[in-house]
Structure formats: structure tokens, C-alpha cells
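Q: Spelled out from the first residue to the last, the chains are:
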Amino acid sequence: MKKLLAKNETYLLLVIVVFCAVITIVNPAFLTVENFFDLARNSSGTAILAIGFFVVLLSGGIDISFPAVAIVGQYIAVNSLIALGVDNLLLAFAISCTIGLAFGAVNAFFISVFKIPTLIVTLATANLFHGAMLEFVGTKAVNTGQLPNSFKSFGLFNLFDLHRADGSAYGLSVFFLVLVIVALVTWFVLRRTLLGRIIYAMGGNSEAVRRSGIRVTSVQFFIYCYVGLLAGIMGIMHVSLIRYSNPTYIVDSELLHVIAAVVLGGASIMGGSGTLTGTLLGVAMISILEKNLVLLGISSYYQQFFVGLVLVLGVSITHIQRRVRSRKQLAFVRD
Amino acid sequence: MSANFLEVRNIFKAYDGVQALNDVSMAVGKGEIHCLVGENGSGKSTLIKIVGGVVEADRGDIVIEGKVHHHLQAIDAIREGLQIIYQDLALYPNLTVAENISLNQMIERRTRLVNWRGMRALAAKSLDEVGESIDLDESVQNLSIAKKQIVAITRALTHGARLIIMDEPTSAITKDEVEHLFSVILGLKQKGIATLFISHKLSEVFEIAENVTILRDGKKVGVFPAGDLDDEKLTFLMTGQRISYSPFAFDEKRRSALPVLEVRRLTKARQFNDISFKVWAGEILGITGLIGSGRTEMALALFGLNRPDSGEILVDGKPVRVGSPEGAKRLGIGYLPEDRLSQGLFVAQSIGDNIIVTIVRRLLSKLRLINPAERKKAELHWIDELRIKTPSPRIPAFSLSGGNQQRVVLAKWLATNPRLFIIDGPTIGIDIASKRNIHEVIRGLAASGMTIIMISDEIPEILHNCNRILVMRKGRIEREIPDAALVSGEELFNLVSGKLFDEVR
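Chains as they are written, first to last, in this note's numbering: chain A, 344 to 678; chain B, 293 to 797.
Don't take each hint at face value.
[As the list claims (entries may be wrong)] Ranges of calculated distance between the beta carbons of each label pair, as one might list FRET restraints:
#1 B/430 / A/362: 29 to 35 angstroms
#2 A/458 / B/691: 55 to 61 angstroms
#3 B/679 / A/656: 26 to 32 angstroms
#4 B/357 / A/656: 53 to 59 angstroms
#5 A/656 / B/662: 35 to 41 angstroms
#6 B/613 / A/663: 42 to 48 angstroms
#7 A/663 / B/617: 48 to 54 angstroms
#8 B/631 / A/530: 36 to 42 angstroms
[As the list claims (entries may be wrong)] Take a look, some chain A residues computed to stay more than 10 angstroms from chain B by CB distance:
#9 350
#10 365
#11 376
#12 473
#13 537
#14 538
#15 550
#16 552
#17 557
#18 653
[What the hints assert, rightly or not] So, partial list: chain A residues that the calculated Cβ filter (under 8 angstroms) puts toward chain B:
#19 467
#20 498
#21 536
#22 547
#23 616
#24 618
Treat the hints as calculated values from the structure; they're not laboratory data.
Glycine included, C-beta positions come from ideal geometry on N, C-alpha and C.
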């Protein structure tokens with residue numbers, strides 16, 4: 344019980360429950376299975392990006408190129424399928440994921456070989472990847488009519504269906520299954536493999552990891568390629584969800600949400616601490632906040648304000664905790 | 293097969309044109325306790341990093357158990373049974389004690405999957421072998437430095453090591469803990485595990501080492517059986533100069549009517565209790581005591597960094613309130629902090645900027661901008677005055693040696709022209725020659741009329757540089773020694789550790 348109270352996740356879950364309760368009181372239409380299925384469908388992609396971002400953050404780095412990687416992977420995959428005349432979802436995934444892995448490797452190369460701060464590298468490569476695509480692949484959006492059918496059917500595919508009173512069906516999207524698989528794999532890597540513990544250790548003291556005989560470079564390649572891979576997967580999910588591929592679309596909008604969700608979930612922006620559960624709860628919180636402020640009768644313009652507020656508070660709390668701790672160790676150590 | 297576990301042959305290493313190691317060879321036998329000594333900047337740490345495979349030598353070989361390694365990698369060194377406890381400990385602050393102890397072994401054995409229960413069991417067993425108990429699930433960042441050190445040592449022992457290298461392991465622990473560490477090292481010897489001990493505290497070297505290798509300026513001076521050396525000889529070999537001490541004497545005729553500082557019944561709960569003393573111009577008042585005796589906490593209170601609960605501070609006989617370092621500075625109080633790297637220096641900023649930071653207001657032109665000519669004058673004046681060894685005031689402070697860094701911190705405070713200068717741990721981590729130079733500077737300041745309070749846990753430092761001594765213990769002033777010349781090192785040591793006190797009882 345005491346352990347539960349010390350956990351950031353417990354409080355976050357509590358906040359989510361209270362928030363949901365408030366919405367339900369104002370608008371009973373909120374608390375329906377359909378609404379939650381809808382939430383799962385709409386936010387699974389964001390959650391997958393958040394998981395990737397969380398892994399980088401743990402290692403003490405930061406990667407802000409993932410929205411660019413996702414849109415480049417998506418747009419090239421869609422256009423390749425159209426150009427080749429092949430309507431195959433697996434091929435789309437293969438193309439998008441390969442692009443993600445390759446871009447991740449480029450990031451890792453600059454970060455590990457030239458030792459450039461990760462924020463600067465990924466800020467630069469995000470523009471590089473996206474700009475190159477706009478120049479060499481194209482800027483024209485692919486609309487629903489042109490979009491290969493496999494994307495559309497993937498977007499509509501449900502794991503199971505339920506029926507409304509009027510007999511029409513709704514269901515839990517396959518996207519949720521993708522999220523569950525990604526989350527389980529990531530959990531296993533972080534919690535149960537040496538590699539995962541090294542990622543945590545790197546966030547605490549990367550020089551110590553190096554001295555213990557680990558090639559930090561290869562760990563960094565794994566981390567940034569993994570984020571790239573997840574961004575590639577999300578790119579395909581995204582186009583299947585909105586049935587439209589606009590090469591300028593997710594580049595800006597997802598970044599803030601993902602960062603806010605991960606920080607809210609308790610991951611330290613300085614690296615080395617945080618949990619996967621926290622990250623997923625953070626995504627849930629941000630998604631519910633974003634989609635349901637309207638239900639509370641609050642203007643949707645406030646959305647951005649609230650996400651920003653959450654980010655500022657989350658970062659401040661982590662920093663205060665850190666300062667309190669380092670102050671404790673300054674002059675008055677005793678035990 | 294030779295009897296040596298480790299041999300280092302003709303190592304050369306240069307950094308940016310500076311020859312850090314110049315044809316250095318040394319050997320450590322199986323189960324031997326060997327000590328590597330040398331002043332800061334003599335190349336000890338570089339040599340250790342090369343032995344550990346973390347830094348590659350320009351030339352030379354590392355031979356482990358007769359096997360020659362031209363390009364030693366860190367993981368190879370570990371697999372050959374070599375464990376290094378670095379000065380910075382190289383722990384993972386965000387992970388638990390159990391993980392810190394077990395993780396490196398998993399890396400060594402290429403264990404791909406984590407078995408949490410096995411990991412805890414291993415950590416518990418290892419701590420048990422060292423005779424310590426620390427909460428396995430505590431995050432290492434919440435431990436005291438001494439406990440962190442124990443975790444680092446335990447981790448090194450977990451590996452089935454054949455040689456353990458300890459880089460300045462006693463820098464942050466108390467006398468008792470040092471004794472405990474030594475008993476651990478002797479226990480290792482019984483098991484045939486060698487220890488290479490790196491230190492610049494002379495007494496320790498004699499207590500534990502069998503053989504001593506001495507480095508000076510990147511060259512090997514020689515290797516000696518510890519029994520053939522004494523304090524003076526070792527100092528001479530390390531520094532190339534003979535050093536003798538003469539105590540600091542205060543001329544009683546110069547004692548003014550009014551003390552510069554008087555402290556009356558200063559108290560802060562759980563830190564210090566009922567502290568009263570006076571200090572006059574031209575004195576060097578020594579305050580000594582163990583870590584946790586309240587010495588630093590009390591000094592911080594005088595400098596406005598630690599608000600006391602009750603009591604009075606009087607400057608020139610007038611009661612004052614010291615609410616902030618700014619206020620202290622206005623009263624003419626300067627403070628040289630215990631930890632110069634985190635509290636005394638802007639390590640990434642230039643030497644010049646560090647020096648002028650306290651007096652920037654005085655260097656402003658009519659337009660309220662920094663006057664470059666005045667600034668340069670001030671910087672060069674202090675570099676010259678304190679003999680800071682640097683080609684230019686513009687290079688960053690971290691590129692200096694410990695002794696020179698400390699001189700920069702001194703310069704920064706001397707520039708404010710303080711009347712009362714509180715110096716906390718003036719020579720921690722500083723080599724002998726620089727130490728002496730800093731002591732001379734401090735005595736010179738007192739002779740010119742400045743009031744000095746020197747806080748230190750190094751008994752000889754206090755004994756040789758102060759005219760009056762306060763001994764603190766458990767937050768109180770245990771004893772005032774009015775004339776430092778009338779007390780011996782041993783008596784003072786006993787007072788500090790509380791032995792004499794207990795005997796009287």
C-alpha cells in the first residue's frame with residue numbers, strides 16, 4: 344500500500360478517474376463502451392509513438408524526429424503502393440518500417456559517432472527527412488479515393504463487434520492489438536533483458552556503462568532504430584485511420600502530445616527514470632483531455648492551453664524532486 | 293608464467309601535445325597490495341584508464357597473466373579479472389543497490405535475460421561477504437557517499453576479480469570506514485586477490501601497501517618496498533622537493549580591543565548547538581571536526597546560506613543579520629566552499645570570468661557595460677598574485693589542475709577584499725606542493741591583517757596553519773585550544789574523534 348502511494352502512476356490513474364467522473368456527471372454520454380473503443384482506436388498510434396519516445400528519454404537522449412519519420416514512411420509507402428499497383432498492407436508496413444529503421448540509423452550515426460547532442464541531431468534530421476521527401480517525392484495529398492483499399496480495410500478492421508440499440512455495429516479496432524503487442528515487447532525488453540537495464544543505466548550514467556565494457560554506440564543504434572521502427576508502424580496506422588495521406592500532416596501536431604504524455608507519465612526528461620505504465624497512462628490522460636474538453640463545454644481552443652499547462656507542471660515537478668534530492672546531499676549528509 | 297598478475301610495459305600517452313605518460317612501466321604481483329602514488333596531474337588516473345581498457349595508449353603493452361594485449365578493450369580487461377573502482381565510482385544513480393551490484397556481472401557474462409530474484413540474491417550475498425547491509429531496493433542516488441563507495445567496492449568483488457584497482461577510495465569516507473576498507477583489502481589478499489591502491493594520503497600508503505610505485509610528471513620515479521620509505525622521503529620523491537612545516541604564530545600585541553566577528557549561542561536544530569566564539573583581525577582560527585560535526589553547517593550560517601534558529605552574529609561589535617551571501621559579501625565576509633567543483637567554480641567558464649564574477653560591479657564603465665581594460669587588469673593581477681599556472685585567462689576553469697582551480701576560487705573571493713575569510717577544506721584533493729603554496733597564501737593574508745577561519749578535517753593542516761583551534765563534535769564546540777603550538781597531532785585527533793572525551797567520562 345505504501346509502495347502504491349509513492350508511485351506517480353497511482354496519482355495519475357486517480358486524476359484520470361476523477362476527470363472521467365467529472366465528464367460523466369456533466370455529460371452522461373461519455374461513459375459508454377463505444378466511447379472507450381473510439382478512444383483506443385484514435386489514440387493507439389499516439390501511444391506507440393509515446394512508447395518510442397519514452398525509450399529514448401530513458402536512455403538520456405531525446406528524439407523529436409519521429410513525427411517526420413512517421414509521415415515520410417507513410418507517404419512513401421502509400422505512393423509506392425499506388426505506383427506499383429500492388430494493394431498489399433504487409434508491403435506498406437515493410438516499406439514504412441524500413442524507412443523508419445534507416446532514419447533511426449542515421450540519427451544514431453550522428454549521435455554516437457560525432458557525439459552531437461541528441462536534440463540538435465534529431466531537430467536537424469527531422470527537417471532533413473521531411474524536406475527531402477517534399478522535394479523528391481511530392482507535396483500532393485493522396486485522398487480517400489486514390490488510397491489503396493488495404494489501408495481502408497485495415498482501418499475499419501475490428502477485433503470484435505458489439506451492437507447498438509438500433510442494430511448498427513461498432514467494435515474494438517485492430518489498432519489496439521498492435522499497441523498491446525508493441526507495449527508487451529517494449530516491456531519485456533526494458534524489464535527482462537540486459538539491454539533494457541543498460542538503457543536505464545545509460546540514462547543514469549552513460550560513462551559508467553561504457554566503462555563496464557558495453558559499446559554504447561550499439562545500444563544507441565538499437566534505441567534510435569527502435570523509435571524509427573515504431574514511427575514507421577504508426578505512419579501506416581495513421582493513414583489507415585484518417586484514410587488520407589497529407590505529407591504535411593502529423594509533423595507538428597503529434598510532437599507536443601507525445602512529449603506531454605510521456606512527461607506526464609512520470610518519465611524524467613533528464614533520463615533514467617520512468618515506467619511504461621506511466622507512459623500509457625499519460626497518453627490516456629492527454630487523449631481524454633483532448634477529446635472531451637468539448638463535452639465539458641470548454642472551448643476546444645483551450646486544448647492546446649491545457650496540454651501546455653500539463654507539460655510545464657510535469658517538467659517542473661521532476662525538476663523540483665531532483666533539486667530537493669541534490670540539496671539533501673549537499674552539506675548535510677548524515678546516516 | 294611469471295609471478296606478476298599485471299605488467300604495464302613502456303606506456304606512452306599524450307593529450308593535446310601534453311605528455312601525460314612517458315615510458316611508464318610497472319608490475320603488480322598475484323595477491324600483492326601495491327600502491328601507486330603521485331601528485332595530481334602526475335598521470336595516475338590516465339594510467340589506470342589505460343590498464344582498464346577505457347583509454348588507449350599511444351604506445352606500450354598491457355600484460356595480464358603473461359598474455360600481451362596491444363589494444364586492450366574494457367570488456368577484455370574485465371574478463372581477465374581486472375576490476376577498477378574509479379574515483380567517481382561509476383555507479384548508476386537511478387538504479388537500485390541490487391542492480392548496481394549485479395549489472396556489470398551480467399554484462400561480463402553476457403546474460404541476456406534478467407532474473408530479478410537471482411540478481412537480488414547475488415547482491416545480498418555479495419554485501420554479506422563484505423560485511424555490510426544496505427537496503428537492496430534503495431535507489432543508489434539516495435545513499436550517502438560512504439555507502440555508495442561500499443556499493444562500488446561490493447560490485448567489484450562480485451566479479452571473481454583477480455586484481456582490484458581502487459582510485460582514491462578513501463577520499464570521501466571517515467577514519468573508521470577506511471579501517472574497514474583496509475580489512476576488506478587484507479581479506480582479499482588471503483584469497484589471492486591483488487589490490488592496486490591509488491592514493492595521495494601518505495599515512496594510508498604506509499599502513500597497507502607492500503610496494504609503492506611513484507609517478508611524477510608522467511614518469512616513473514621508481515618502485516620501493518613500503519618499509520624503505522617514510523613520510524619525508526615519499527614526499528620528496530613525489531614532489532622533487534623537501535617540505536617542512538613551521539606553525540603559524542599570532543602576535544598577541546596585535547590583538548585589537550574588538551573582535552572582527554563574534555558569534556553568540558548560535559543554534560540550529562539537529563545541526564549545531566550553542567556555538568559561541570570570537571575571532572580577531574590577523575588570526576587564523578581553525579575549526580575542525582568530523583563530517584557531521586556541524587562545522588560546515590555552522591560556516592554556511594555565517595555566510596547567509598543556512599538560516600540559524602537562534603543566536604547572534606556580531607561584526608565589529610555590532611549585531612548583524614546575515615540573510616544571504618550578498619549580505620555577507622557587503623559585510624566583508626568571503627566564503628571558500630568545501631566542494632569547489634560544484635559550489636566554488638563555474639567550471640565551464642573561463643578562469644578570468646571566474647575571478648571577476650564577484651566584483652563585476654566595480655568593473656563597469658559609465659554605460660554600465662564591463663570595461664575590458666579594467667577587467668583584463670583585474671584578471672591578470674590575480675593570476676599573477678596567486679601564481680595561477682595558465683597560458684591565458686580565457687581558457688575554461690576545468691582545464692586547470694586541482695591546485696590551480698583552488699587558487700582561482702581564492703582569487704575570486706580575495707578580489708572582493710574581504711575582512712573575514714571563511715575557508716572550508718582549502719586543500720581537499722590538492723597535491724602536496726600546491727597545498728603548501730595555498731597555505732602560504734593564507735598565512736600571508738592573515739599577516740596582512742585579514743581575519744581567517746579555516747575549516748578542515750586534516751589534522752596537520754589545522755595544526756600547522758592556525759594559531760587557535762575550535763574542535764567541534766556532534767554540533768557543539770567540544771574544546772577551544774587557545775594556542776595551537778601547545779597541542780600534538782595525536783591529542784587533537786583524539787579530541788576530534790571523541791576518544792579523549794569518552795575516557796574522561
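Q: Within 36 to 42 angstroms: is that where the Cβ-Cβ distance between residue 631 of chain B and residue 530 of chain A falls?
A: The hinted range 36 to 42 angstroms holds for residue 631 of chain B and residue 530 of chain A, with Cβ atoms some 40 angstroms apart.
Q: Classify the hint on residue 616 of chain A as holds or violated, based on whether any CB of chain B lies nearer than 8 angstroms to its CB.
A: holds, 5 angstroms
Q: Does residue 376 of chain A sit more than 10 angstroms from chain B, CB to CB?
A: holds, 37 angstroms
Q: Report holds if the minimum CB distance from residue 552 of chain A to chain B is greater than 10 angstroms, and violated otherwise.
A: violated, 8 angstroms
Q: Are all C-beta atoms of chain B more than 10 angstroms from that of residue 550 of chain A?
A: Violated: least Cβ distance 7 angstroms, not greater than 10 angstroms.
Q: Would the non-interface assignment of residue 365 of chain A survive a Cβ cutoff of 10 angstroms against chain B?
A: holds, 35 angstroms
Q: Confirm or reject the claim that residue 357 of chain B and residue 656 of chain A have a C-beta distance inside 53 to 59 angstroms.
A: holds, 57 angstroms
Q: Does the CB of residue 498 of chain A sit less than 8 angstroms away from some CB of chain B?
A: Hint violated; residue 498 of chain A Cβ to chain B Cβ min 37 angstroms, cut 8 angstroms.
Q: A closest beta-carbon separation below 8 angstroms is what the hint needs, so does residue 536 of chain A meet it against chain B?
A: holds, 6 angstroms
Q: May I ask you to test the hint 29 to 35 angstroms on the CB atoms belonging to residue 430 of chain B and residue 362 of chain A?
A: Since residue 430 of chain B and residue 362 of chain A have Cβ atoms about 34 angstroms apart, the given range 29 to 35 angstroms holds.
Q: Beyond 10 angstroms from every Cβ of chain B: is that where the Cβ of residue 473 of chain A lies?
A: holds, 34 angstroms
Q: Classify the label on residue 350 of chain A as holds or violated, using whether its beta-carbon is more than 10 angstroms from each beta-carbon of chain B.
A: The assertion about residue 350 of chain A holds, with a minimum of 14 angstroms to chain B.
Of the numbered hints stated above, those contradicted by the structure are hints 2, 3, 6, 7, 13, 14, 15, 16, 17, 19, 20 and 24, listed in ascending order.
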